[in-house]
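Line by line, the protein sequences are chains A and B.
The first sequence begins at 1 in the numbering used here and counts up by one.
The second sequence begins at 1001 in the numbering used here and counts up by one.
For the record, the hints were derived by calculation from the structure and aren't laboratory data.
Where hints are given, some of them may not hold.
[As the list claims (entries may be wrong)] Chain B stretches covered by chain A per the calculated footprint, using a threshold of three residues with CB under 8 Å from any CB of chain A:
{"no.": "1", "segment": "1030-1039"}
{"no.": "2", "segment": "1053-1061"}
[Stated by the list, open to error] Part of the chain B face toward chain A, derived, beta carbon under 8 Å:
{"no.": "3", "residue": "1021"}
{"no.": "4", "residue": "1151"}
{"no.": "5", "residue": "1154"}
Cβ atoms here follow ideal geometry from the backbone N, Cα and C, with glycine treated the same way.
Spelled out from the first residue to the last, the chains are:
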Amino acid sequence: MGALRATRMLLVEPHAVLRGVVAGVARELQRGDVQAVASVASAERVMRAERFDVVVLSLDDAPDAIGLLERLRAGALRGADDALVAVSAASCDAATAARLRGLGVRRVLLKPFKVRTVVETIAGLCAAAAAVPAAGESGRDGDAAAAGSGDDRGDAAAGSGRDGVDAATVA
Amino acid sequence: MPAAPIPENEAERLEALRELLILDTPPEERFDRVIQFAAEEFDAPIAVLSLVDAERNWFKSFVGLDVCEVPRDVAFCSHAILQPEVLVVEDATLDPRFADNPLVTGGPGLRFYAGAPLQSHGQRIGTLCVLDVVPRRFDATDIAILRSLRTLVQDELERRTEPA
């Protein structure tokens, strides 16, 4: 494992209070260098200009958001095709979960959720991203298990609904 | 019951509060949505945006109360504005400042308080606070969340002072 490095995180969340609080708490607890935007369009502009290690993306605007993820993974955005991604959504059926899994999404946060849950997810992803060697040393695939073990508890399956479950693991 | 001391900078503090022209104004959605969020985030039965006036603690926005102000000498927020950090009272019955407070010994039977001071023009004018009728723990993440919510309220308060 390479030396820990600073992580850059992008939060894409249309709900203003949630966006402000999550970004504020992540900054205060030093979970990484955080940028927060309200829309997929804003996210795309930012991701064309900057690299992010961790992305937390709301699927409130699902087609556009998934399209953004597809372009991210296709390398169409600046150097972030291997970013660690969590998404938030009001629901997640089996087909959507399979699609997200194919796009390398690490975690689905089902709304409504607590800010604490998002912060813990961000902490896990940032820790995993920080542990990844700099580009050229090795790929990120070898760290996937570590990322999962730190945050994903394996206590829920994607698409299982909201009954007693506030988060679902898809990777 | 020891009333909270009056801050040395009380005159300047009240001037900063009154410059906002917010006392006794109607509810505003921009504040209400933050207070509602706080109540839901912390599963708290009571959440308040309070402003500490000369003789009263007036509530600009609140969840879980049926009054819009309480006398300053019984208000937890009167203590919270004495310090820059979040004031956490995990069990008011165990805290000599609050154990015989009528809001603790009588209705509504408050036990827990966490309040983040709100600043305007460098003065602590009120708090964003959550309260409960049972004792609670409040950890570093909770404090960070409350501080972050406080920042959103302060941003909105600062907009009130910007020229139109």
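Verification of the supplied hints:
| no. | hint | in the structure |
| --- | --- | --- |
| 1 | 1030-1039 | holds (count 3) |
| 2 | 1053-1061 | violated (count 0) |
| 3 | 1021 | 24 Å, violated |
| 4 | 1151 | 6 Å, holds |
| 5 | 1154 | 11 Å, violated |
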